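Assemble chain B onto chain A, guided by the hints.
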Amino acid sequence: MNKLPSLFTGIFLIFGSAWLGLVNYPLKNLGNLQPVPDEATGGVLPPTVSGLAVAGQKVYAANGCVECHSQQVRFSPLTTDIDKELGKRQTVARDYLREKTALPGTLRVGQDLSNYGARAGEDINAIHRHLYEPRSVNPWSNMPSYCFLYHVVKIQGQPSNEAVIGLTGPRAPKPGYEVVPTEKAKALAAYLLSLNQSYPLPESPVATAK
Amino acid sequence: MSNDLSNQPDDLTAPERAQIDASTSGAVLLFFGSAAFWLVFGSLLEVVGSIQLVFPGFLDGLSFLTYGRVVQAATTVLAYGFATPAAIGIAIWLTARLCKVPLRHHRMLISAGIVWNLGILVGACSIIAGNSTSFPLLALPAFATPILFVSYALIAIWVLFTFNERKSGALFVSAWFVFTAILAFPWLFGTANALLVWNPVAAPAQTPIALWFASGFMNLWLVPVGVAAAFYIIPKSTGFPIASNNLSLLGFWTLLLFGAWTGGAQIIGGPVPAWITSAGVAASVMLLVPALAIGVNLHLTFQGHYAPVAWSPALRFVVVGIGSLVTYWVLSAINSLPLVNSMTQFSDTNRALYQLGHFGFFAMTAFGAIYYIVPRLTGKEWPCAPFISLHFWLAATGFGLVVSGLLLGGLIQGAALNQTIVTFRSSMEFAWPFRFQAMLGSVLILGSAVSFALHFIGILLDTRKNQAPAMLAEREEKSQEPVAV
Numbered sequence: 000m001n002k003l004p005s006l007f008t009g010i011f012l013i014f015g016s017a018w019l020g021l022v023n024y025p026l027k028n029l030g031n032l033q034p035v036p037d038e039a040t041g042g043v044l045p046p047t048v049s050g051l052a053v054a055g056q057k058v059y060a061a062n063g064c065v066e067c068h069s070q071q072v073r074f075s076p077l078t079t080d081i082d083k084e085l086g087k088r089q090t091v092a093r094d095y096l097r098e099k100t101a102l103p104g105t106l107r108v109g110q111d112l113s114n115y116g117a118r119a120g121e122d123i124n125a126i127h128r129h130l131y132e133p134r135s136v137n138p139w140s141n142m143p144s145y146c147f148l149y150h151v152v153k154i155q156g157q158p159s160n161e162a163v164i165g166l167t168g169p170r171a172p173k174p175g176y177e178v179v180p181t182e183k184a185k186a187l188a189a190y191l192l193s194l195n196q197s198y199p200l201p202e203s204p205v206a207t208a209k
Numbered sequence: 000m001s002n003d004l005s006n007q008p009d010d011l012t013a014p015e016r017a018q019i020d021a022s023t024s025g026a027v028l029l030f031f032g033s034a035a036f037w038l039v040f041g042s043l044l045e046v047v048g049s050i051q052l053v054f055p056g057f058l059d060g061l062s063f064l065t066y067g068r069v070v071q072a073a074t075t076v077l078a079y080g081f082a083t084p085a086a087i088g089i090a091i092w093l094t095a096r097l098c099k100v101p102l103r104h105h106r107m108l109i110s111a112g113i114v115w116n117l118g119i120l121v122g123a124c125s126i127i128a129g130n131s132t133s134f135p136l137l138a139l140p141a142f143a144t145p146i147l148f149v150s151y152a153l154i155a156i157w158v159l160f161t162f163n164e165r166k167s168g169a170l171f172v173s174a175w176f177v178f179t180a181i182l183a184f185p186w187l188f189g190t191a192n193a194l195l196v197w198n199p200v201a202a203p204a205q206t207p208i209a210l211w212f213a214s215g216f217m218n219l220w221l222v223p224v225g226v227a228a229a230f231y232i233i234p235k236s237t238g239f240p241i242a243s244n245n246l247s248l249l250g251f252w253t254l255l256l257f258g259a260w261t262g263g264a265q266i267i268g269g270p271v272p273a274w275i276t277s278a279g280v281a282a283s284v285m286l287l288v289p290a291l292a293i294g295v296n297l298h299l300t301f302q303g304h305y306a307p308v309a310w311s312p313a314l315r316f317v318v319v320g321i322g323s324l325v326t327y328w329v330l331s332a333i334n335s336l337p338l339v340n341s342m343t344q345f346s347d348t349n350r351a352l353y354q355l356g357h358f359g360f361f362a363m364t365a366f367g368a369i370y371y372i373v374p375r376l377t378g379k380e381w382p383c384a385p386f387i388s389l390h391f392w393l394a395a396t397g398f399g400l401v402v403s404g405l406l407l408g409g410l411i412q413g414a415a416l417n418q419t420i421v422t423f424r425s426s427m428e429f430a431w432p433f434r435f436q437a438m439l440g441s442v443l444i445l446g447s448a449v450s451f452a453l454h455f456i457g458i459l460l461d462t463r464k465n466q467a468p469a470m471l472a473e474r475e476e477k478s479q480e481p482v483a484v
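Those sequence lines, one after another, are chains A and B.
At the far end of the first sequence sits residue 209, using numbering that gives the first Met the number 0, and the numbering has no gaps.
At the far end of the second sequence sits residue 484, using numbering that gives the first Met the number 0, and the numbering has no gaps.
Same shape as in the complex, but just chain A (with noise of 0.2 angstroms):
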């Protein structure tokens, strides 16, 4: 009794046919996903992004920033994503066109950053703070620091315009020197600036009313 080429083709379709579905279909119709024309500024939606953003996602997903953060807002009123300001309109796939790699996250043990960019405004220096010593920022945040993206040096003559000021708790730098981000955390910070999804798509556009 010989059943295994019955046994492996019933396998290979069942198997084939999820692949179709959930391999295969992302990949020819998701994969080919174009950015749209934005009327009032001439530029494409979602906007393009600077490369130092670009290599700051290798560095968020270095060290394994999507174990805490979650980048995707749901929709609503299934969810309270958007009453809760996470961001004005649900992600959809064409959102990570600006993306490398697609990092929705599984978990929010921190907050979600679909929309940390257009929150944080364009204070790098409280990004840069907040990278070195969560808890200097929020005393409760259970963020790690990542203080090792950023070398301490002594100040010589004038101090430099990079280095990061204002910093408090038991890392901050003694009288006479100062914190300055390597060029990873410059391109983690830009990175982070750069999540803001702000704009409206056709497929989601942004509830101007509620």
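Among the clues, some could well be false.
To be verified - What follows is a set of in silico ranges between Cβ atoms, one per label pair, in the way DEER data are often shown:
hint, chain 1, residue 1, chain 2, residue 2, range
1, A, E161, B, P185, 47 to 53 angstroms
2, A, D37, B, W274, 34 to 40 angstroms
3, B, T422, A, F11, 48 to 54 angstroms
To be verified - DSSO-like cross-link-like pairs, simulated, lysine-lysine; straight-line CA separation at most 30 angstroms:
hint, chain 1, residue 1, chain 2, residue 2
4, B, K379, A, K2
5, A, K99, A, K57
6, A, K57, A, K83
7, A, K83, A, K99
8, A, K83, A, K185
9, A, K2, B, K166
10, A, K183, A, K153
11, B, K99, A, K2
12, B, K235, B, K166
Hint data in this document are derived by calculation from the structure and do not stem from the laboratory.
Everything numeric in this text was worked out from a predicted model, so none of it was measured.
Idealized CB from N, CA, C, for every residue including glycine.
Frame of chain A, contents of chain B only:
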């Protein structure tokens, strides 16, 4: 088709069995031994991570011990250093026994085992050093996975070769499960690495593929191997045949049919086409069918004689494992319902379910299988029964603390995350005591891993022969149940 399926594991004579077991001994012991080593290492990383979650100052500010890297290294080491080699060892041993042929070319398998462990070493170090891809269960960087592939190719070729050489006769259901798993793993791991890690496709397409992989890794790789072990060990240890071939077939085909589709249920309301999440929810609910078919079939196989669970180490672990599998599928089905999921999606409940499936089911079943298999490979019994008991109770208590803590904590944390008026800070504070409980559990699991690894070294070094089998309790004198054969 049930005529092609046997409900008896095998009808080998004792000398035939001994000859087959002697031939697989080196390779299987290598896979089990390395699994035990990585289990200790992975559990240690898991302890560090769970302490950091509760006390964020613990080993803080060190690049290679930052929370994200430690957790990803722990997950990777436990999935590819412990679970996968344990599954490979079980699959090799079951294949030889079920095909009734002694292992040939065992050097090929031993080289494969060495190469595999080299790949895990390279991979674990590179994640700690900051090269993770951050995809769930695919954190290994692009240069580590080809090493694993070379190794796996050697193993899979050997298994398929052995299936081809098998002695005629109806196949036992475990053989079907092993055969499926051996084919599923390279399909899953190859596709996912090719499309996400080696030559990444456009980011919008990555999410469904990553989810397909993560659910397939559990439902089509670890589950078939664990269930194959249970289907083999329970009839062997109780002396009763598998209760129903039809239930075996139902469980087998429905697992295959629905197992690969459940990924979408992880991302309800997320950035994937709505039909993918709907298919995921439907498949997660439909997995109740194999849960019932496998659970009821194995329960009926005991014919009400659960007494051997008290003294047989293998049976005790396997029964807990299968119980966890059924619980895992039932809770996953409930968790996939959109109304529940909107609350639990980003909470610790996810981590509870992961632990329930990967540790509660797979690791416990694999321990049972290892306790059953290793004495047959070495010709020696486990030297110290209280050690097995210690391992069992530490593992069961630790795992119970972890899962119950994360499950309950996750529900409260999820409710807080979903309430507009509750701040994010409160969701963390609600979760804290439960994460503390999970941390204690992870320490007990580390203890259980150490006791298991020491005992494994013990049986390899033991020089005594022909002592009595290690029993966890006195066998009842009047008992009809045979000792394991």
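Inset, instruction - Verify the proposed pairing of K83 of chain A with K99 of chain A, using a straight-line Cα cut of 30 angstroms. - result: With a Cα-Cα distance of about 28 angstroms, the restraint between K83 of chain A and K99 of chain A holds, given a limit of 30 angstroms.
Legend entry - Satisfaction of hint between K185 of chain A and K83 of chain A, Cα-Cα up to 30 angstroms: holds, 29 angstroms
Legend entry - K2 of chain A paired with K166 of chain B [C-alpha distance capped at 30 angstroms]: holds, 13 angstroms
Legend entry - Holds or violated: K379 of chain B to K2 of chain A, with C-alpha atoms at most 30 angstroms apart: Not satisfied, since the Cα-Cα distance of roughly 37 angstroms exceeds 30 angstroms.
Inset, instruction - Given the hint that K57 of chain A pairs with K83 of chain A, test it: the Cα-Cα distance must not exceed 30 angstroms. - result: OK: K57 of chain A and K83 of chain A at ~28 angstroms, within 30 angstroms.
Legend entry - Given pair status - K153 of chain A, K183 of chain A, alpha carbons within 30 angstroms: The given pair, whose Cα atoms are some 20 angstroms apart, holds under the 30 angstroms limit.
Inset, instruction - Below or equal to 30 angstroms on CA atoms is what counts here, so check K235 of chain B against K166 of chain B. - result: Between K235 of chain B and K166 of chain B the Cα gap is close to 20 angstroms, so the pair holds against 30 angstroms.
Inset, instruction - Below or equal to 30 angstroms on CA atoms is what counts here, so check K99 of chain B against K2 of chain A. - result: The given pair, whose Cα atoms are some 16 angstroms apart, holds under the 30 angstroms limit.
Inset, instruction - Evaluate the given range 48 to 54 angstroms for the C-beta pair formed by T422 of chain B and F11 of chain A. - result: For T422 of chain B and F11 of chain A the Cβ distance comes to about 52 angstroms; the hint holds.
Legend entry - P185 of chain B and E161 of chain A - C-beta distance against the hinted 47 to 53 angstroms: holds, 48 angstroms
Inset, instruction - Given the range 34 to 40 angstroms, decide if the beta-carbon distance of D37 of chain A to W274 of chain B lies inside it. - result: violated, 29 angstroms
Legend entry - Pair hint outcome, K99 of chain A versus K57 of chain A [Cα-Cα no greater than 30 angstroms]: Judged against 30 angstroms, a Cα distance of about 9 angstroms means the pair holds.
Hint compliance for this structure: hints 2 and 4 are not met, and every other hint is.
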